[in-house]
Amino acid sequence: MRVLAVTHAYPQRSSRAHGVFIHRLNLGLRELGHEVHVLQLAEWCPPWPLAAVDSSWRRSHAVRDEMLDELDGIQVHHPLTITPRPSRFFSGDQWEREVRTLARYCLRRPRLAQADVVIGHFMVPDGYHALGLARALGLPSAAMAWGDDLHAWPASRVVWRQRLRVVLSGVDIPIACSRRMANDGNVWLEEPRRDWEVVYGGVDLELFRLADSRDAKRRDLSAGVPAAQSAKLLLMLSQPIRAKGYVEMLDAWVQVRDEAREWRLLMAGGGAGDLDVEREIADRGLGNSAHWLGPQPPERIPELLQACDAFVLPSHNEGLSLSMLEAMATGLPVIATDVGGHAEVITSPAEGWLIAPRDTAALVRALREMTAAPIVRLNEMGLAARRAAARIGSPLDNAGRLAAALQRGSPSKTHGPVLEKMASRVAPGDIRHADIAR
Numbered sequence: 005m006r007v008l009a010v011t012h013a014y015p016q017r018s019s020r021a022h023g024v025f026i027h028r029l030n031l032g033l034r035e036l037g038h039e040v041h042v043l044q045l046a047e048w049c050p051p052w053p054l055a056a057v058d059s060s061w062r063r064s065h066a067v068r069d070e071m072l073d074e075l076d077g078i079q080v081h082h083p084l085t086i087t088p089r090p091s092r093f094f095s096g097d098q099w100e101r102e103v104r105t106l107a108r109y110c111l112r113r114p115r116l117a118q119a120d121v122v123i124g125h126f127m128v129p130d131g132y133h134a135l136g137l138a139r140a141l142g143l144p145s146a147a148m149a150w151g152d153d154l155h156a157w158p159a160s161r162v163v164w165r166q167r168l169r170v171v172l173s174g175v176d177i178p179i180a181c182s183r184r185m186a187n188d189g190n191v192w193l194e195e196p197r198r199d200w201e202v203v204y205g206g207v208d209l210e211l212f213r214l215a216d217s218r219d220a221k222r223r224d225l226s227a228g229v230p231a232a233q234s235a236k237l238l239l240m241l242s243q244p245i246r247a248k249g250y251v252e253m254l255d256a257w258v259q260v261r262d263e264a265r266e267w268r269l270l271m272a273g274g275g276a277g278d279l280d281v282e283r284e285i286a287d288r289g290l291g292n293s294a295h296w297l298g299p300q301p302p303e304r305i306p307e308l309l310q311a312c313d314a315f316v317l318p319s320h321n322e323g324l325s326l327s328m329l330e331a332m333a334t335g336l337p338v339i340a341t342d343v344g345g346h347a348e349v350i351t352s353p354a355e356g357w358l359i360a361p362r363d364t365a366a367l368v369r370a371l372r373e374m375t376a377a378p379i380v381r382l383n384e385m386g387l388a389a390r391r392a393a394a395r396i397g398s399p400l401d402n403a404g405r406l407a408a409a410l411q412r413g414s415p416s417k418t419h420g421p422v423l424e425k426m427a428s429r430v431a432p433g434d435i436r437h438a439d440i441a442r
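Residue numbers (the numbering used here): 5 to 442.
Bear in mind the hints are in silico, worked out from the structure with no lab data behind them.
No residue lacks a Cβ here, since even glycine has one placed at the ideal position from N, Cα and C.
Just to be clear, a hint being listed does not mean it is correct.
Stated by the list, open to error - Dumping the calculated EDC-like pairs for lysine to aspartate or glutamate here, alpha-carbon to alpha-carbon at most 16 Å:
id, residue 1, residue 2
1, K236, E266
2, K236, E263
3, K236, D219
4, K221, E303
5, K236, D262
6, K221, E307
7, K236, E373
What the hints assert, rightly or not - Distance ranges between label pairs, derived from CB positions:
id, residue 1, residue 2, range
8, A377, M5, 26 to 34 Å
9, R197, A360, 45 to 53 Å
10, R20, L84, 37 to 45 Å
11, D58, Q166, 25 to 33 Å
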């Protein structure tokens with residue numbers, strides 16, 4: 005099977021964690037014998053130094069420079085969309101423009117045009133792009149929901165809500181990273197779909213495993229974290245944004261720290277965010293008991309988890325947190341919010357604490373219980389957490405589920421022009437909004 009995977013989120017030169025969960029599924033598909041081509045849109049700009057004369061060109065050049073053309077044997081294509089400048093003087097829908105870019109790019113490359121299926125990772129914007137591309141090529145379309153594409157993004161953007169409904173109602177194969185995400189997807193539809201496929205991201209139990217010796221893993225932390233060798237370490241690992249629950253976590257830690265003097269709170273995460281975590285720590289006077297470690301490359305995460313004693317993630321929403329799964333696979337007791345697919349992993353109190361999102365009081369209670377628990381109980385919970393993570397399966401296991409889902413699809417009956425016909429007419433006006441959204 006030849007798969008075209010449309011996604012804006014994929015590992016970059018300076019941020020290898022960006023979209024790494026998608027890359028792992030792609031690697032699993034390849035290991036199972038399937039051919040995967042990633043399509044990651046970029047915006048056209050003239051070559052440097054000419055690009056330096058315009059701020060939008062400078063941004064486009066910087067973004068494109070971060071993109072990889074190949075990763076672990078998987079080719080990453082970057083079709084270039086030309087956006088007329090200044091955009092306020094030019095009509096046209098940017099989403100449609102990007103669909104046309106993808107269609108032209110693939111139609112000019114027979115190996116891509118003759119793929120078997122198109123999947124968009126994230127319902128919007130990538131699912132919309134994948135749906136339009138699949139209809140242009142006459143192929144089955146799939147779109148996978150990961151979290152914010154059903155929650156934060158459409159909630160705050162009218163156009164994204166409209167396009168999300170187009171994707172959810174029009175895609176041949178709707179996929180969600182948890183059962184709850186499938187239910188959340190149906191909330192946007194007048195008629196709920198009954199044909200959702202659930203494919204978890206999965207966790208590598210070989211890479212994320214029990215620590216042989218926590219002391220050995222802590223040596224690298226000693227310079228930046230006082231008493232790291234002797235203290236118990238609680239880790240929060242996530243992008244530094246408010247929706248991940250950093251504010252609630254720090255407010256709760258203010259109430260707990262005096263009772264948990266032998267514990268240190270470590271916070272880490274990569275990528276840009278809307279929160280200055282170091283300042284939030286300082287403003288609460290937590291400098292001696294809470295520490296911001298900054299961005300962490302993917303290869304560093306297993307050892308960081310093995311150096312810690314417990315994990316916390318009080319997110320406002322998730323699809324199914326990869327960081328939580330990795331912590332559980334490492335044998336750490338976990339406090340997490342009951343959002344996304346978390347209740348599909350933590351199915352009993354023996355496997356971790358599930359609390360309501362945005363509930364600082366509930367978080368304080370869970371932290372007090374965890375930090376006061378004897379080491380024997382924490383170890384037992386850690387082992388139960390690893391067994392729970394194992395039930396979700398590895399990225400390879402879930403790549404097999406994804407392949408089975410993709411192979412069951414058939415293209416929409418009212419779409420999909422013949423390739424030969426399309427190849428002769430790929431001018432911008434050929435793929436219209438009515439063709440995509442019908």
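**Study point:** Hints breached by this structure
**Key:** Hint check: 8, 9 and 10 fail, others pass.
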